[in-house]
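Engineer: Here are the chains, one letter per residue:
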Amino acid sequence: MAVCIAVIAKENYPLYIRSVPTQNELKFHYTVHTSLDVVEEKISAVGKSLGDQRELYLGLLYPTEDYKVYGYVTNSKVKFVIVVDSSNTSLRDNEIRSMFRKLHNSFTDVMCNPFHNPGDSIQSKAFDGIVSGMMQTG
Amino acid sequence: MECQEEKPIIYTMENKPIVTCAGDQGLFTSLYTSLAQQLPREPMEWRRTYGRAPKMIHLEANFVQFKEELLPKEGNKALLTFPFLHIYWTDCCDTEMYKTSVKEEMMRWQSSLRTHGSADWVIIVVETNDTKKKNKTNILPRSSIVDKIRSDFCNKQNDRCVVLSDPLKDSSRSQESWNALLLKLRTLLLMSFTKNLGRFEDDMRTLREKRTQPGWSFCEYFMVQEELAFVFEMLQQFEDALVQYDELDALFTQYVLNFGAGDTANWLGSFCAPVRSWSGLLLRRPIDMEKREGIQRGEASLLDLRSYLFSRQCTLLIFLQRPWEVTQRALELLHNCVQELRLLEVSVLEGALDCWVFLSCLEVLHRIEGCCDQAQLAANCSHTVGLWAYATDKLKSLGEHCGLVSEKGPTSEDLNRTVDLLAGLGDERPETIHSLQSPYKKLKEALSSVEAFERHYLELSHAAMEMYRAIGRMRSARLVGKSLAEFYMRKGDPERAETLLQEALKSYVSEGWSLPVTHTRKQIAECQKLLGRTEDYLQTSALLAGDVNLTTEERKHFCQEILTFAAKSGEPSHKVTLSMSVFAQLTRLQFHPATASVHSGANLRVELTLRCLMPMSVRIEQVAAIIHFDVDHGGTHGRSKGAQRQTSPGTVEFNQDKSSACPPSSSFTGPSLELDEIHDRSPSDNSLNSAGVVCKNTHLLLRRHDSNSPPNTSNCVSPPAVAMKEGAQMLKVQDVTLEPGINSIIFTAPSEQPGTYTLRQLCATVGQVQFVLPHMYPSVQYEVYSQEPQLTVEPLAEPLLAGLPQIVKFTLLTGHYTVKKGVALQLSNTDTMPILPSTSCTARISNPAAELVGESVLSIQSSEKVTSISLPPTPPYHTLEFQLEVLCIIPSGSDRPANERLTNGEVRHRPRSYSHPDTPMTAIDQRMSIDCPWSIYSTLLALTFYIPFKTKHSLLSAGNRKYMQVCVQNVSDVTFMLAEVKLTEKQHASLELQSLNTKTQQLLCSKHSVFCLWEVRWKDDLPSCLQCVFSANFSPLNQEISAFKPFHYQFQLERVTTLYSVRAEILPPAGEQHCRSGFLCGLEVCITRLSEPTEGEMAEETDTDGLKTTKLMYEVADSSSNWAVCGKSSGMVSMPMRANATHKVQIEVMPLFAGHLPFPKIKVLKYLPHTAAVAIQPDPDSCVENDSLSLLDKTLDDQADTASIRSRGSVHSVGSGDQQQRGVAMPRLEPFSPGQVFNNSHARQVLVLPATDDHIMEVNAT
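Protein chains in written order, with full-length UniProt numbering: chain A, 1 to 138; chain B, 1 to 1262.
Don't read these hints as lab results, they were simulated from the structure. Nothing here was measured: the structure is a model prediction, and the numbers come from that model. In this text, a Cβ means the ideal position worked out from N, Cα and C, and glycines have one as well. There's no promise every hint is true.
[To be verified] Cβ-Cβ distance ranges computed for the label pairs, FRET-style:
1) R97/A / Q213/B: 15 to 23 Å
2) A797/B / D120/A: 54 to 62 Å
3) A378/B / R97/A: 50 to 58 Å
4) T564/B / M111/A: 46 to 54 Å
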């Protein structure tokens, strides 16, 4: 499924980033970081047209030869990015959406933890588990 | 654009639906022009099958002469050449002619149509006036020919025969018939389309459904569906045409995916053949017939098919004016093709795909440039930039593949590879052969030499970066820049690489992406090493050595780099200065002692906690903290300036960001505002001059945000310029080994000079390298103070009560003074506050940390004037405390001792009593004068004592008999016992004061009063002035008898003797026994002089009888409105000045109520005629308060007040006028002193009966 999942704070620093261990982690960091360009572009484009009725799912941010990068942004401008292998064609848009929704729910749980300091990187095991579930090749 | 002139010929635009024409060719030719013109003029609505939306469509037609060959044979699927409508033209109007030739010809035409199953035909009969005229002879009703044709051919299809009248005339009739014809033609054409296309689509679908059958071929199907696309294109329905291609695209994609999933279709085999040609997309022709034929023959490779499909889609999208969709689809296509080739496991020469992608990208871009102007292109960068970046990427990998990036240039192996790649490109296409910058030429040139490659690569990179920047995708631009930097590095140009890397690094740092930061930094380190920029390199190395993202080996390597440099023996003057924050972090600073405030010369230790970020232990030659020293101008009051607000005293926590990995939120929000209050005290008397709030970190808050050094120096790319300030003083520790992690370093702080020491910088030296922390923040300071000895005396318990022994605490802060043995304090004794000797007086000595260090017994020697207290030896900056018992004697009265001089020459300050606003008690300030051995001046100290009692006296009379009452009110919070209450008269021994008080001891509770009464008895004469002393012993409750202390109260009474007695009598009306309300009754006032005139008394007038008389004024005043005075209520009486002289006055009064009514009040006042005004006795109001008499005065004042209240009433106005105009010779009234007039009928009551016919009853409920 996903090869890299990242949660990025409103200020664009990573709160959580994890990729498939077999591949070059650094490359994904670069990819996710660059994808923020498109995320910002999309957010500002949406902001102009629709106002508050905003779709959180941003869709395919940009394809590369090897990966497809999908984006999602919460109302508090926390961004989720999922990178999928391009060869993995079985994933449909709806599945990506549901992955984001799951991720968002789990993220909300993390934020609800009174011991979690918003703005700190996410260290929750539950969240880790959800992410692992999405990254398992299956 | 040089390719402008060879604008592609759009092949399909030539195509129009074919309409055949049979019959009279001459006739048709004459009408052809107008027909061809007018047919597309009006749009028609085309209703579609399968729920597709209807469309307005402009119809055109290609009219060709009918030939039987044109009719499609069975099984021919070609749609482009399909004749959609067959027309038969005739202008026959002659029945005979019709019967003989025309009908037959029509029959033949019809039958040939029928054999080919074509039902789309129409017969047009043209009628002209000319023909009518010509055939005038054998004229038939002109409709008859048409009718005949209709009956012969149009079996129930009357609409298949149309009449066109006078087509060449310009008449309304002709126009009408034209319109009818055109409408008919359009309708029929559309009907034909619907029918034939519908049939075609059905066939096509059937064919598609067979795709699971073994013999099915995609290429065949492709051709069929494309035919449909062509037709739609012909009809200018580009949208529909595009749909056909998209369906084909999707179908093919699905097959490839299925292949990947293991479901192989046979026909896919041809697409799995190794790729031999990678010449890229070709978008300049509307239809690439070469490739199309390849597909038709089933010989096309996957890239061919994809290229062809995309070129068609591209053409249609450009027709639809959606060029940006082309770029987007192109990118998808290129990615997809690469994936598909991988999926199908097609063997491709390495680099071939790069070539293909590169060429394709450029081709798409060229195509787009060809159909848009520059402004449009610039505005839509976001659509094209992806292709640019992709092309750049691919060219780079090609360059690497072909050895064009290395410093040395390509090897022979590289050259071989290049040749192989170029071979796959084939020859340049004829379309671009004259274009100077065709993608083909570019690629060939780029691969031809290192220089050309570099030129092309840079051009592309910069173009991509520019575009990314233009659309605000800075991160993408930097990533391209980074890639370019890597190129420069391989080319051996670290300088340019570094600039690009630094830019990228800045972005990663500012957004807190630690892994890219580490990676980029490593590259920068490499550049800097190559460039020989030692300082920068060491700084970067330090950052990397502390970077947790690196492996320990890597970190050790970088750490070793620094240490190696440090160990080098360079010129000692030049040391490399690096930022401390990357090497170690100051986490905590602790002062011992915690107050961070010591007296000069004391031992102050500073403990620094450093977190070393290095991966191995580092030996530091010297750690130094540079101190800024401020001489404390404030003097000795250093202690009051507790400068730092610290959570735990003496500890400063430095909360820095842990590492560069930490979210850089601080760089967004900036440091928080830190405020502190300041007090500016006057140096002389320590009074507050001003107070304010200062911001302590303005240097952080007000820094420019775009400056090169972000606040977080640990993320800083290059170290900030740290200039070690050559401070005079520093804390130093030599030879420290810092282990990775937490280290603690203890300094001994200099504390010689008093003042404020601020720790400014921290510097660690390792050989040639210095790590400097340029600012310690929050600022840390400690104070060294020098203090003068200070002696304070304060009550042990508040408040100090006068009259009782009280304990006061002496506190001596020795300051810099050493108390040696035998040093003594000299207290000047005063009478008003003696120091009570006590048996054991212990002094406690405590050190600055308030710990008890010693106790010793004080020796106190009292002489007549001085009490000397010998102090125990005490070291400097210690506190000496002891307690003494003192007694403040309550001032009792009027005696006013002469000014005395104290032993030291000070004027004795008489304790002055005053009322304090906070307490009802009267306060007395007692000054103490102490001679201290460390000063030539005496120390003056004030203690405030409070008198626990308030005493009042009053004189009571009963006729001639006199009583004295003293009221003692306890105003303190303590309960006392009062004993031995006594009253004595000082001057007149004959006077006897008989106590009427019974108890010897009385309880006097807090806030309560005790009244004591004495009767005055005298033998000869009652003196007019009495000087009395009230005395009592008191002690707090539950104390032994010895604790009783005396209390004295002096007062003076004047004009004591009773001069007049006033008696009033109410007489009922005549004949009545009692008064009745509402009836007049008499009030008889009888004033009797009781005493002989005394010396002090002055006679105002001498009577005719020679008797001295004095004038009195009486007044009947009823304050409670019980009585109504009828007639005069006041009057003047002349009294002879002798005993028993009596004067009676009759006044009529009327009771207003029934009941026991109190007598109306009768006042008697002294009347002073104007002549006597000069000789007036001192006015009570003019009595000036002075020191000694204040207590006494107070009581006198009170009495005067009550007297003046009494004197108010009807004469008030006179009195007040008199007071205002004092000194003017006016008659005045003067009240008598209390006791001078005795009122016999005071408080008497008389019974008043209600009026007999009282029918009003009043009830007063109170």
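Engineer: For each hint, tell me whether it holds in the structure or not.
Structural biologist: So, going through the hints one by one against the coordinates:
| no. | hint | verdict |
| --- | --- | --- |
| 1 | R97/A / Q213/B: 15 to 23 Å | 37 Å, violated |
| 2 | A797/B / D120/A: 54 to 62 Å | 55 Å, holds |
| 3 | A378/B / R97/A: 50 to 58 Å | 35 Å, violated |
| 4 | T564/B / M111/A: 46 to 54 Å | 48 Å, holds |
Checked against the numbered hints given earlier, this structure breaks hints 1 and 3; the rest are met.
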